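Using the sequences and the hints given, assemble the complete structure.
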Amino acid sequence: MSGRKKRKNLNLIFGLVILLFFFIVMLISFFYTPYDVNAIAVSKKLQAPSAAHWFGTDTFGRDILSRIMAGTQTAFFVGAIVVTMGIVFGTIIGGIAGYLGGWIDELIMRAVDGLMAFPGIILAIMIVAVFGTGIVNTAIALGILATPGIARIARSGFIQNKELEYVAAAKAIGVHPMKIIFREILPNIYSPLIVAASVAFAIALLAEASLSYLGLGVQPPDPSLGRMLKESQEYLTSSPWFTLAPGLTITLLVLGFYMLSNGIRDLTDHRSK
Amino acid sequence: MTYIIRRFILLFVTLIFISVITFLVFQILPGDPVRTILGPEAEEVQVETLRRQMGLDKPAHVQYLNLVQGFFQGDMGDSIRFSRPVTSLIMERLPITISLAMFSLIIVIFVAIPLGIFTARRENKWSDFLLSSFTQLGMAIPTFFVGMMLILFIGMTFSFFSTGGYVPWSESVAGAIGSLALPALTIALPQIAISFRYARNAILEQSKLDYVRTARGKGLTEAVVVYKHVLKNSMIPVLTVFGLILAEVIAGTIVVEQVFSLPGIGRLLITAVSYRDFPVVQGIVLYIAFVVVLINFIVDILYTVLDPRIRLKE
Numbered sequence: 001m002s003g004r005k006k007r008k009n010l011n012l013i014f015g016l017v018i019l020l021f022f023f024i025v026m027l028i029s030f031f032y033t034p035y036d037v038n039a040i041a042v043s044k045k046l047q048a049p050s051a052a053h054w055f056g057t058d059t060f061g062r063d064i065l066s067r068i069m070a071g072t073q074t075a076f077f078v079g080a081i082v083v084t085m086g087i088v089f090g091t092i093i094g095g096i097a098g099y100l101g102g103w104i105d106e107l108i109m110r111a112v113d114g115l116m117a118f119p120g121i122i123l124a125i126m127i128v129a130v131f132g133t134g135i136v137n138t139a140i141a142l143g144i145l146a147t148p149g150i151a152r153i154a155r156s157g158f159i160q161n162k163e164l165e166y167v168a169a170a171k172a173i174g175v176h177p178m179k180i181i182f183r184e185i186l187p188n189i190y191s192p193l194i195v196a197a198s199v200a201f202a203i204a205l206l207a208e209a210s211l212s213y214l215g216l217g218v219q220p221p222d223p224s225l226g227r228m229l230k231e232s233q234e235y236l237t238s239s240p241w242f243t244l245a246p247g248l249t250i251t252l253l254v255l256g257f258y259m260l261s262n263g264i265r266d267l268t269d270h271r272s273k
Numbered sequence: 001m002t003y004i005i006r007r008f009i010l011l012f013v014t015l016i017f018i019s020v021i022t023f024l025v026f027q028i029l030p031g032d033p034v035r036t037i038l039g040p041e042a043e044e045v046q047v048e049t050l051r052r053q054m055g056l057d058k059p060a061h062v063q064y065l066n067l068v069q070g071f072f073q074g075d076m077g078d079s080i081r082f083s084r085p086v087t088s089l090i091m092e093r094l095p096i097t098i099s100l101a102m103f104s105l106i107i108v109i110f111v112a113i114p115l116g117i118f119t120a121r122r123e124n125k126w127s128d129f130l131l132s133s134f135t136q137l138g139m140a141i142p143t144f145f146v147g148m149m150l151i152l153f154i155g156m157t158f159s160f161f162s163t164g165g166y167v168p169w170s171e172s173v174a175g176a177i178g179s180l181a182l183p184a185l186t187i188a189l190p191q192i193a194i195s196f197r198y199a200r201n202a203i204l205e206q207s208k209l210d211y212v213r214t215a216r217g218k219g220l221t222e223a224v225v226v227y228k229h230v231l232k233n234s235m236i237p238v239l240t241v242f243g244l245i246l247a248e249v250i251a252g253t254i255v256v257e258q259v260f261s262l263p264g265i266g267r268l269l270i271t272a273v274s275y276r277d278f279p280v281v282q283g284i285v286l287y288i289a290f291v292v293v294l295i296n297f298i299v300d301i302l303y304t305v306l307d308p309r310i311r312l313k314e
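Protein chains in written order, with my numbering: chain P, 1 to 273; chain B, 1 to 314.
Since the hints were made in silico from the structure, they are not lab data. Be aware that a few hints might be false.
Claimed, not checked - Some chain B residues well away from chain P (every beta-carbon gap over 10 angstroms; in silico):
1) V34
2) G70
3) F129
4) S132
5) N201
6) T221
Said to hold, decoys possible - Covered stretches of chain P (in silico footprint by chain B; criterion: 3 or more residues with CB under 8 angstroms from a CB of chain B, positions within the stretch not fixed):
7) 110 to 118
8) 126 to 140
9) 209 to 218
10) 236 to 243
11) 258 to 269
Here the structure is a predicted model, which is why all the values come from computation and not from measurement. The beta carbon of each residue, even a glycine, is placed where N, CA and C say it ideally should be.
Structure follows, in structure tokens:
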């Protein structure tokens, strides 16, 4: 049993440490980066890591560390929009479906199934193909993607709770159904929703990176870690740090969110026992 | 039987929903596709003629039915960029993508299941944490980054593996394998990290059941217990996971074809998006979604056939 307890803490602690680190890096990048993010210095292009440029320089002689720092802004921005959209729409849709039940539930869940039947990347590509690329459209496309999964989790929470006494009591004194959904039940299902939000954040970061790598996501001059990888590919063998630095950053960031979600899940599971 | 019928209806509903979503998304497309094709200089008569040829003068529900009909007849319209039928563009590139997906799936199955068995037989608290970290890493690492690392560390050392481009099977089998090995491994690695745990958990769960104790009790060797009894029963839940993995693998080909410059469906899709070649995008999205839904359906049915408990529960 002590082994289990140890594991719980490790996920949560590692997750929080990683995310706190990148969050601070992102905050700092608003005020300070070692070099101007977009300053081109062709004479210094593709330099190896050194004291002056910790992670080296890219094809245009731009400082890779500065660009990674700025890239975390994009990552957190897209992730935050995606998770906000997913949680707001997911909870509303899942809440209505789960609480009201019947044919409304059936209809909504078939729509959710239909959306989830698309492989995520395909749906995202289709949406940006129609609405165009760029940071905002990428975030919205990924937000649409995140919604059905969260709706499903919210729905099962509402179904579990709607038969309980406190809901029956609220119904008996004539509380409006919308008020029951959002004021009474929602606060009781927050822990699976937080886990879902954390997972959605991780998936959003990966999807943004993939879309930007494909050239369909964040467009220059907005910095993006996925785009940096695309730009670096041609120089993979001669300047591996150009690929390694942003690649490891994305991996660590996503890992942080997955660890956080597992940590929270274990924590709340433990509590409910 | 009722389960299968219900599942069949669900499949039908999902397919309708997918086609409606795809249709609607391309309906709200800004701008006029006909004018995009003909350019700004086109005359009104030309525009009207092409519009009628493409069926865009009809009401929306007729256009939708045409889309569905075209889908089953293999007629998804013509590519704007290539002025050729979308389906023939897809068919040309299909062998590459299918080879890649199958290759990946085979790697996943042949590594993940043995790895699951291996790790299930060595259960302790430390391996638990290490293995779950391995899984989390597999989920966190972007596939294209995996691909670039494989190019860097394997592709550059061993000349057998091609790091870009495709050699057709008909030209050279070794060449084809060499050109697909790294991309297939790229897709497979994260999936292995995720899926071996399902095999491991299924085996651990089975191992705790009474029949396993009985089998051991009557003096069967450990190998017979594991490989004959436990494995057989634990593979049923694992099967559904491989359905999901195949869907992930198909989605994975899109990104990985870019990394390794393989001229498959994924690459066609990405260039079609950049050229705003919407008939191609629509066709590929519909066919891929259709295939993925169909795979999940088949896996579900197989699951019921293999495990009578699900059938009898109904």
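Now the hints, each set against the structure:
{"no.": "1", "hint": "V34", "result": "17 angstroms, holds"}
{"no.": "2", "hint": "G70", "result": "18 angstroms, holds"}
{"no.": "3", "hint": "F129", "result": "5 angstroms, violated"}
{"no.": "4", "hint": "S132", "result": "7 angstroms, violated"}
{"no.": "5", "hint": "N201", "result": "15 angstroms, holds"}
{"no.": "6", "hint": "T221", "result": "30 angstroms, holds"}
{"no.": "7", "hint": "110 to 118", "result": "holds (count 7)"}
{"no.": "8", "hint": "126 to 140", "result": "holds (count 5)"}
{"no.": "9", "hint": "209 to 218", "result": "holds (count 6)"}
{"no.": "10", "hint": "236 to 243", "result": "holds (count 4)"}
{"no.": "11", "hint": "258 to 269", "result": "holds (count 3)"}
The structure is inconsistent with the numbered hints 3 and 4, although it conforms to all the rest.
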